[in-house]
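Single-letter residue listing:
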Amino acid sequence: MRKFTVILLVVLMAMTAVFAGGSAEKDSDAVTLRLWTFLDITSTSNGRAVVLKEVIDKFEETHPGVDIIVETQQWTTLPSKVFAASEAGDCADIFMINTANRGEAIKRGVFEPLENLFYNDWTKEQKQDLDSAVFEAGFDGTYHYDIPLYFGGFGIMYRKDLFEQKGIDPESIKTWEDLAEAAQKLTYTDANGQKIWGYGIGYSLDVVDSHGALPNALFGQEGGMFTDDGMPNNWTGPIAQQALQMELDLINKYKVSPESSASVTSEDVYTDFAAGKYAMISAGTVRMPTVQSQCSFNPDYIGFMAYPSIDGVSESKCYAAGWHIGVWSGSKNKDIAGEFLEFICSPEMDSLWVTEAQQIPILKSTLENNAEFFEIPTNSWVIEAKDIIDTKSYIQSINYVVSGFNEDMQNAFLLAFVDGYTVEEALKTVENNFIERNVER
Amino acid sequence: MDELKRKKYLHKILPYLLSFPSMVIIVLFLIIPLVYCLYCSFWRCDYMDFSKFVGLKNYIDVFSKEATITSLLVSLKISIVSLVIAIIIGTLLALWINSANGRFAYILEIMILIPWVTSQVVAAMLWKWLLKDETGLINYIVQQLGHEPIGFLSDKNIAVVSLIIVITWRVIGYVMVQLVAGLKAIPKEYDEAAMIDGVNKWQMFWFVRLPQLKTPMAISAIIVALSNLNNLTVPLTLTGGGPGNATTVISILAYRESFSYYHFGEASAMSIALCIMNFILTVAYVKAVKYEI
Amino acid sequence: MKYKITAKVFSFIGFVCIAVVNLVPFVWGLLTSLKPTREVAKYPPTLFGSEITPEHYISVLRGSFSTALINSVIYSIFAIILGILCAILIAYALTRYKFRGKKFIFMMILFGIPLSMGSAAMVVPNYMMFSALNMTNKFYTLPLIYTAYNLPMAIWIMVGGMQSIPYSIEEAAMIDGASRRYIIFRLIPHLSLPTISCAALMIFIGAWNEYQVSSVMVASNSLYPIQVSIYNYIGYFGQEWGPLTAATTLAVVPILIVFTWLGKYLVSGLTAGSVKG
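Protein chains in written order, with the working numbering: chain E, 2 to 442; chain P, 759 to 1051; chain S, 128 to 404.
By construction, these hints were calculated from the structure, which means they are not laboratory data. Glycine included, every Cβ here is placed at the ideal spot set by N, Cα and C. A hint or two may mislead.
Output of the computed footprint for chain S on chain P, the stretches with three or more beta carbons under 8 Å from beta carbons of chain S [as the list claims (entries may be wrong)]:
| no. | stretch |
| --- | --- |
| 1 | 877–889 |
| 2 | 988–1000 |
Each computed DMTMM-like pair below joins lysine to aspartate or glutamate, with the alpha-carbon atoms no more than 20 Å apart [said to hold, decoys possible]:
| no. | chain 1 | residue 1 | chain 2 | residue 2 |
| --- | --- | --- | --- | --- |
| 3 | E | Lys196 | E | Glu260 |
| 4 | E | Lys128 | E | Glu343 |
| 5 | E | Lys393 | E | Glu223 |
| 6 | P | Lys766 | S | Glu298 |
| 7 | P | Lys823 | E | Glu437 |
| 8 | S | Lys169 | E | Glu268 |
| 9 | P | Lys810 | E | Glu88 |
| 10 | P | Lys770 | P | Asp760 |
| 11 | E | Lys256 | P | Glu906 |
| 12 | E | Lys196 | S | Glu166 |
| 13 | P | Lys770 | S | Glu166 |
| 14 | E | Lys196 | E | Glu182 |
| 15 | S | Lys169 | E | Glu316 |
| 16 | E | Lys365 | E | Glu376 |
| 17 | E | Lys175 | E | Asp312 |
| 18 | P | Lys815 | E | Asp388 |
| 19 | P | Lys766 | S | Glu297 |
| 20 | S | Lys265 | E | Glu72 |
| 21 | E | Lys125 | E | Glu137 |
| 22 | E | Lys429 | P | Glu824 |
| 23 | E | Lys254 | E | Glu178 |
| 24 | E | Lys196 | P | Glu906 |
| 25 | P | Lys815 | E | Glu441 |
| 26 | E | Lys175 | E | Asp250 |
| 27 | P | Lys914 | E | Glu260 |
| 28 | P | Lys765 | S | Glu298 |
| 29 | E | Lys175 | E | Glu316 |
| 30 | E | Lys161 | E | Asp179 |
| 31 | P | Lys823 | E | Glu426 |
| 32 | P | Lys823 | E | Glu441 |
| 33 | E | Lys365 | E | Asp388 |
| 34 | E | Lys254 | P | Asp913 |
| 35 | P | Lys823 | E | Asp420 |
| 36 | S | Lys169 | E | Asp191 |
Per label pair, the in silico range of CB-to-CB distance [to be verified]:
| no. | chain 1 | residue 1 | chain 2 | residue 2 | range |
| --- | --- | --- | --- | --- | --- |
| 37 | P | Asp949 | S | Phe139 | 21 to 29 Å |
| 38 | P | Tyr864 | S | Ile197 | 26 to 34 Å |
| 39 | E | Lys254 | S | Val380 | 48 to 56 Å |
| 40 | E | Asp336 | S | Arg308 | 55 to 63 Å |
Bound-form chain E, shown alone:
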């Protein structure tokens, strides 16, 4: 009996060895491309994963002999792994990286320029169709490097039904004060004795996002959040102070957000919003499909709007970010990988992304080609989101490193709220942290 077990185990081990090793040794004509993403394409519940699988299947159909293997990574560690793997010569042929690390990846030569792949062969119309602020932000003067995928911006996700009940017009919210007043009306205890909060946001540093009043006021102020050489621009000025004070007031003065905002992550806030605990939350557009699929109320009731202005004069800009897909410069099959990249942003595939995964379109033409789709109430937010990203957003420059600034923004709040710093001290502290981390190294 014991011998049998041992033999069985040996056979099992040998089989895995053959199985794992076997995939690498196909006949020499076939090309295997590795693709690093954070999506698990075996998933049936995640729309984007489903579409990615469809795209790959279609590509493999039209390109016999090409095999694309998706290697799912954890999204939190994917950027580090791309950098390390690229240094070690072991990166995937096609990979995704987030906006915060896009500039660094370009600087370190991780990307193969699109001009060397397919971009130079494109017609003017094609180029114009793809052109967007996000795409252009990745232009270093000579080359483009990536296709922005899964792009999104931050703003206010709100419950249309509750707004209607309380007679509030979302259009009337122009300043943060308007928002606070609306939120006061929306903060109430429901029939079950449960407290519904007017406005929700999570400041726990476990999940960092550029959301809330402070970063958006800074992005929108004159000169933006960063100077051209990547230094903090006026982080301690009156606008920043006013915005941080507003973040505190929403909890302490208006009492429209729970005190636990300091300890919950934005992740928790999405879950609680889906559970019906909030009337408005500070949220990213990329989360709309997930929230819609999980909410305990009618998903048609979820609306999306841009952040209000802090003083009614300066505009509010949001941080727009997402993932960028590109070809690794060390890949042995750059040409075919480039073809896949071109395929992924073709009009047909873009329509697929949009209609099946509620993706904000990459191409301008997609918006026109799918007019019917956007008329469905559940999808109408996509147009609003696209507008916010195109006109009211800050897209990180590739010229300087601003690592950790999202954390600094959340940390400013935490220092003021939890540790009792004055607004000015808190801002000064995070500014110093930022400089220490990114500039004076």
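Once you have looked at the hints, place chains P and S on chain E.
The following block gives chains P and S in isolation, referenced to the frame of chain E:
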């Protein structure tokens, strides 16, 4: 004669041969990475690019920051408090299980062990799901009882307590198992002899059993201390270091340094410092129980 | 008599308390996993949803989770076999021989214990190094790492266990003409069975629950272990609580089975070791 010589030679090299496989694995997967990490810590190593040799600058930078010292203290505080509680409760449970018998004792034992044998990520996530301020099950019950919701994770002081509870909850099982094993190893004659001398239960524990439990207690203490000190998963999942930096332990700082800022030089320096603390603890332990081999 | 009843009441209360504190998180996870998607986050919470549905389990098992489950089983078995084999050999050397460098070897093993608890910050440098050695993303990468991470502890336990086996048994066997090979591979393992089981359980827990290193060291979906697969439900686009709780419940089950079955060896194995320890 030749045969004898060969045997003698074999006898001499045999221990090395027997140690070889283990040592290869340990050196390759534990020691060499440590050395490599030490090497990293002397470099400016942003994005894993060894750009400049900086000597001890990373260490100086890291430890001249107030945040590092604070988080080190938080780490120590949490580990020590958790250790003390775990040892006390673990001992009580072990005594109870030792005195109980049969199936009841076994079920009890398995139940106490569950937290320790399950994945930390899973356990921490499920606890968070229970402890959440707004929609957690526990606060729901608290509210149903007519109380204001408690800020388990949002109050600066209570969050530390919550973290200590979950970390301790995880390790009690381990302490318990070690001590039950220790109790079972005490020869019956000791108890009987003590019984004849007419000692009471308390004296029995304090003078007869506790001295015998010294070793298992020390073993579990060191393992628990090391595992708490290095724990990243539970604090990161449960509180994310918050609110503010109330529960930011040193491992969270090192994690951020590498996965948020990509400053692998500084991150390595922190890891090495943490390792040195671990080594000191280990040596202290070996000295304390006079471990001889 | 009165005393006995009070004791019983107390032990009952204690039992209930432990059951609640130790089981509630898992039971709550189990209940959540059986609710329909839209009711998972519903507040106020209810024990059951409007219906009990296996939908999350189905979607989890259809996805990458099944592969990961099988991988983890194979990895754990491999790590246990290799780890125990190595541990028996070195523990025998350490307890039966006096040799130069013995202290050094033992210190290295002791230091290995905290090293194997690992710092997350070391993961990426490690990845770089193993990449350079071309050892990442191979079928043997994770089983070897799991073996290495749990080996120091296993050796420690084995040393304790072997110290408690009287040398006279071996001497007797040797007089009877037993070979050294027989002693090391048959007699000693036979005598230290509880200790071996205990060490094996330790390796199993370690291998089954490791997450951080596994997520970085391999890249191919066909090589991922179970904990990494669970993390796929905490994605960039949001946590999917339904599948997440279903996956965690499924991941806990094998551990529970193994422990209910072999848990007794944990204590007896450690008992053998703690005589001298």
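Verification of the hints:
{"no.": "1", "hint": "877–889", "in the structure": "holds (count 10)"}
{"no.": "2", "hint": "988–1000", "in the structure": "holds (count 3)"}
{"no.": "3", "hint": "E:Lys196 - E:Glu260", "in the structure": "holds (13 Å)"}
{"no.": "4", "hint": "E:Lys128 - E:Glu343", "in the structure": "holds (12 Å)"}
{"no.": "5", "hint": "E:Lys393 - E:Glu223", "in the structure": "holds (14 Å)"}
{"no.": "6", "hint": "P:Lys766 - S:Glu298", "in the structure": "holds (17 Å)"}
{"no.": "7", "hint": "P:Lys823 - E:Glu437", "in the structure": "holds (11 Å)"}
{"no.": "8", "hint": "S:Lys169 - E:Glu268", "in the structure": "holds (16 Å)"}
{"no.": "9", "hint": "P:Lys810 - E:Glu88", "in the structure": "holds (16 Å)"}
{"no.": "10", "hint": "P:Lys770 - P:Asp760", "in the structure": "holds (15 Å)"}
{"no.": "11", "hint": "E:Lys256 - P:Glu906", "in the structure": "holds (16 Å)"}
{"no.": "12", "hint": "E:Lys196 - S:Glu166", "in the structure": "holds (18 Å)"}
{"no.": "13", "hint": "P:Lys770 - S:Glu166", "in the structure": "violated (69 Å)"}
{"no.": "14", "hint": "E:Lys196 - E:Glu182", "in the structure": "holds (17 Å)"}
{"no.": "15", "hint": "S:Lys169 - E:Glu316", "in the structure": "violated (36 Å)"}
{"no.": "16", "hint": "E:Lys365 - E:Glu376", "in the structure": "holds (17 Å)"}
{"no.": "17", "hint": "E:Lys175 - E:Asp312", "in the structure": "holds (9 Å)"}
{"no.": "18", "hint": "P:Lys815 - E:Asp388", "in the structure": "violated (47 Å)"}
{"no.": "19", "hint": "P:Lys766 - S:Glu297", "in the structure": "holds (18 Å)"}
{"no.": "20", "hint": "S:Lys265 - E:Glu72", "in the structure": "holds (13 Å)"}
{"no.": "21", "hint": "E:Lys125 - E:Glu137", "in the structure": "holds (15 Å)"}
{"no.": "22", "hint": "E:Lys429 - P:Glu824", "in the structure": "holds (16 Å)"}
{"no.": "23", "hint": "E:Lys254 - E:Glu178", "in the structure": "holds (12 Å)"}
{"no.": "24", "hint": "E:Lys196 - P:Glu906", "in the structure": "holds (12 Å)"}
{"no.": "25", "hint": "P:Lys815 - E:Glu441", "in the structure": "holds (13 Å)"}
{"no.": "26", "hint": "E:Lys175 - E:Asp250", "in the structure": "holds (17 Å)"}
{"no.": "27", "hint": "P:Lys914 - E:Glu260", "in the structure": "holds (11 Å)"}
{"no.": "28", "hint": "P:Lys765 - S:Glu298", "in the structure": "holds (17 Å)"}
{"no.": "29", "hint": "E:Lys175 - E:Glu316", "in the structure": "holds (10 Å)"}
{"no.": "30", "hint": "E:Lys161 - E:Asp179", "in the structure": "holds (17 Å)"}
{"no.": "31", "hint": "P:Lys823 - E:Glu426", "in the structure": "holds (17 Å)"}
{"no.": "32", "hint": "P:Lys823 - E:Glu441", "in the structure": "holds (14 Å)"}
{"no.": "33", "hint": "E:Lys365 - E:Asp388", "in the structure": "holds (12 Å)"}
{"no.": "34", "hint": "E:Lys254 - P:Asp913", "in the structure": "holds (19 Å)"}
{"no.": "35", "hint": "P:Lys823 - E:Asp420", "in the structure": "holds (17 Å)"}
{"no.": "36", "hint": "S:Lys169 - E:Asp191", "in the structure": "holds (14 Å)"}
{"no.": "37", "hint": "P:Asp949 - S:Phe139: 21 to 29 Å", "in the structure": "holds (26 Å)"}
{"no.": "38", "hint": "P:Tyr864 - S:Ile197: 26 to 34 Å", "in the structure": "holds (30 Å)"}
{"no.": "39", "hint": "E:Lys254 - S:Val380: 48 to 56 Å", "in the structure": "holds (50 Å)"}
{"no.": "40", "hint": "E:Asp336 - S:Arg308: 55 to 63 Å", "in the structure": "holds (59 Å)"}
Against the hints set out earlier in the document, violations occur for numbers 13, 15 and 18.
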